[in-house]
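Visitor: The chain contents come next:
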Amino acid sequence: MRALVWIVAETWQATVAAAAAFLPAGADVTLLHVRARDAETVARGARYALLGRSHRPTAEPLEVISEQSARQLLADAQAVLGRDAVLDARSGRIEHEVVAAAGTADLIVLARDQDYAHRGPRSLGPTARYVVDHAPCAVLLIWPDTPSG
Amino acid sequence: MPEALALALSLAGLAATLAAAIARPRWLPEAAVAVGAAAALVAVGAVTVSRAGQAVGHLAPTIGFLAALLLLADGCRRDGLFRALGDMMARGSRDSPRRLLALVFAVASGVTVTLGLDPTIVLLTPVVLATATRLRMSPEPDVYATVHLANSASLLLPISNLTNLLVFTASGLSFTGFAALMLLPTLAAITVEWAVLTRFFAAELGRPPGREAVPAAPHLPRLALAVLSATLAGFLVGSLFGVSPVWIAAAGATAITVPALVRRTVKAGDVLRAIQPSFLLFVLGLGVIVVAASDNGLAAAVRMVLPGGTSLPALLGIAAVSALLANLVNNLPAILIITPVAVASGPAAVLAALVGVNVGPNLTYVGSLATLLWRRLLRAEDTDVNLGEFTRLGAATVPAALAASTLLLWCGVKAGL
Numbered sequence: 001m002r003a004l005v006w007i008v009a010e011t012w013q014a015t016v017a018a019a020a021a022f023l024p025a026g027a028d029v030t031l032l033h034v035r036a037r038d039a040e041t042v043a044r045g046a047r048y049a050l051l052g053r054s055h056r057p058t059a060e061p062l063e064v065i066s067e068q069s070a071r072q073l074l075a076d077a078q079a080v081l082g083r084d085a086v087l088d089a090r091s092g093r094i095e096h097e098v099v100a101a102a103g104t105a106d107l108i109v110l111a112r113d114q115d116y117a118h119r120g121p122r123s124l125g126p127t128a129r130y131v132v133d134h135a136p137c138a139v140l141l142i143w144p145d146t147p148s149g
Numbered sequence: 150m151p152e153a154l155a156l157a158l159s160l161a162g163l164a165a166t167l168a169a170a171i172a173r174p175r176w177l178p179e180a181a182v183a184v185g186a187a188a189a190l191v192a193v194g195a196v197t198v199s200r201a202g203q204a205v206g207h208l209a210p211t212i213g214f215l216a217a218l219l220l221l222a223d224g225c226r227r228d229g230l231f232r233a234l235g236d237m238m239a240r241g242s243r244d245s246p247r248r249l250l251a252l253v254f255a256v257a258s259g260v261t262v263t264l265g266l267d268p269t270i271v272l273l274t275p276v277v278l279a280t281a282t283r284l285r286m287s288p289e290p291d292v293y294a295t296v297h298l299a300n301s302a303s304l305l306l307p308i309s310n311l312t313n314l315l316v317f318t319a320s321g322l323s324f325t326g327f328a329a330l331m332l333l334p335t336l337a338a339i340t341v342e343w344a345v346l347t348r349f350f351a352a353e354l355g356r357p358p359g360r361e362a363v364p365a366a367p368h369l370p371r372l373a374l375a376v377l378s379a380t381l382a383g384f385l386v387g388s389l390f391g392v393s394p395v396w397i398a399a400a401g402a403t404a405i406t407v408p409a410l411v412r413r414t415v416k417a418g419d420v421l422r423a424i425q426p427s428f429l430l431f432v433l434g435l436g437v438i439v440v441a442a443s444d445n446g447l448a449a450a451v452r453m454v455l456p457g458g459t460s461l462p463a464l465l466g467i468a469a470v471s472a473l474l475a476n477l478v479n480n481l482p483a484i485l486i487i488t489p490v491a492v493a494s495g496p497a498a499v500l501a502a503l504v505g506v507n508v509g510p511n512l513t514y515v516g517s518l519a520t521l522l523w524r525r526l527l528r529a530e531d532t533d534v535n536l537g538e539f540t541r542l543g544a545a546t547v548p549a550a551l552a553a554s555t556l557l558l559w560c561g562v563k564a565g566l
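From first to last, the protein sequence lines are chains U and E.
Counting in our numbering, the first sequence runs from 1 upward without gaps.
Counting in our numbering, the second sequence runs from 150 upward without gaps.
Warning: the hint list may mix true and false statements.
Claimed, not checked - Some chain E residues close to chain U (C-beta under 8 Å, calculated; not the full set):
{"#": "1", "residue": "Ala-170"}
{"#": "2", "residue": "Glu-289"}
{"#": "3", "residue": "Gly-355"}
{"#": "4", "residue": "Pro-357"}
Hints are computed from structural coordinates only; laboratory data are not their basis.
Quick caveat, the model's predicted, so the values are computed rather than measured.
Even glycine gets a Cβ: it sits at the ideal position worked out from N, Cα and C.
My request is simple: use the sequences and hints to build the entire structure.
Guide: And the structure:
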C-alpha cells in the first residue's frame, strides 16, 4: 500500500498522529508538504514596485526562507512518525500539487483546514475540499482538534 | 522649440525612463536612461540649462536626505534590528496568529514611519515571512499586512516615504507641523487595514499554530535603537529650533556608520552601495524630465484635472486623482507631476496628494503599467500566482483608507493643526 500523508504547518501533528495510528506497518509512506507561493510573490512584487532602487539582495532570498521551513517541517514530521518515509517538498498551487502527488497513491491522509473546531461543512476550506473532491485514491480525512457540536 | 514638440519629447523621455525602471534590462541601468533622457531634453532645448539646474538644485537636499536615511536603515540592519524585531514578534505572539498580526502591524508601521517604506519592504518583509513560517502559522496575513502598511503607514513623517521627502520642502511645513497634520490620517489608514485584513484572513487567524520550538530571547540592537531614537528626537526638537532635518539625518547616519567603519565591521564599498548612487541619480534624472514635461504643458493639463482649493470635496478629489496617477505610472513620477500644481492651493492640498500617492499603490500593487510587465515576468518564471487575492484586498482597503485619511486631514486643517 502506498500512502500519501499531506501535512500543513498548523495541523501537521494531528495528521502525523493519525498516519501513525491508522497506516499498516508495511505501507510505503510519503510525507508531502506544498508551500503556496502567494506570500513570497507578494513580497517580491512589492520590492519590484520600488522604482529605481538597487536590485542587490540585502536579505536572504524569500524562496530560501520558506523552502527551509518546509524542509524543517517535513523532518520534524518524519521524526514524530518514527518510520521510514519519502519526504516530498513541493511548491505551487496547493490543491493541484496535492492531487498530482496523490496520483500514484492508494490512500491520502489529510486534515480539515478551515473551522475545524466545529463539525459541519465549514470545517473544509476550498483547498482541502478540492483535494477530497479530486483525489484519485481513498481519502482519510482527520479532525486536527476534537470538534464540538 | 514648439511647446507641443517639447512636451512630446519630455513624455517620451518619461516613458523610456519608466519602462527601463520596470523592465530592468541588465545591459541598461535605469539611472543611465533617466540621466540620459534628462540630458537629451536639455540638449534639444526642451528644457533650458538654467531650469534644469534649478530642478537639480531643488532636489539636491532631498537626495542628500535620502542618502542619509538609506545609511541609517543599513546601519540598523547591520546592528541586527530586523532580526531582533522578528524574534520579538515570535516571542510576543504566544501561539496566537492574531497576536502575531497585531505585532506585525505595530512593527511594520513603526519601521515604515521611522525608517521609511524601503526598509519595510526590503528588510522587514523577509523577516516577517521567516517569523510566521517558523511559528508554523500561515504567512499570508502577516506578509500582506507588511506590504500594505509599507504604503499606508508611510504618511506620518517626512522621512517615512520618498514621496513625502520630495514634497516636504515644497509644502512649507515644519517637521512637526507635517507630523501633526498627518497623525490622524495615518492612524485612520492603519485602522482601515486592520479592520479589513482581520476579516479577510479570519480563517487563517483562527487556527492554532503547529509550533514546537520556543524562539530564543532577542538580542538587543543597542546601537541601532539608541541612534534611531536620538535621530527621531532630534527631528522633533530640531524642528522647534529651525534646524534643517537633513542635518539631523546626516548626524544619525554618521553615528551608526562611522563606528562600524572604525571597527572595520563594514567596508567603505558596502557603505557606498548602501547609499545606492544609481538610485539617487535616477531620482535626479526623473526630476529634470518631469520639470521639462510640466513646463511644456503637463502642469497645465494636471491643473485642469486636479481640483483647486482645500475644501473637503477638493481634497478628496486631489487624493483620488493622485491615487489614480500613482497606480498608472508609479508613485514617484506621480508626486513629482502633481506637487507643482497642488502647491498653489497650499500645504493641505499637497498632503492630500501624498495621501493619494502613498495609500493608492496598494490597489494595483506595483502600478498598473508595471503589473502588466510583472505578470509577464511571472509567467516566464512559470509561477502560478493568485493576483486576484491581492487585488480584492486592495479594492477593500484603498478607497476606504483614502476617504478616511483625507477626511481626517481636512479635520486637522480645519482644527488649525
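Visitor: A separate judgement is required for each hint: does it hold in the structure or not?
Guide: Comparing the hints with the structure gives:
Because the closest C-beta pair between Ala-170 (chain E) and chain U is about 5 Å apart, less than 8 Å, the hint holds. Hint status for Glu-289 (chain E) relative to chain U: holds, with the closest Cβ pair at about 5 Å, below 8 Å. Interface hint status for Gly-355 (chain E): upheld, as the beta-carbon distance to the closest one in chain U is roughly 7 Å, under 8 Å. For Pro-357 (chain E), the interface hint holds, the least distance from its beta-carbon to any beta-carbon of chain U being 7 Å, beneath 8 Å.
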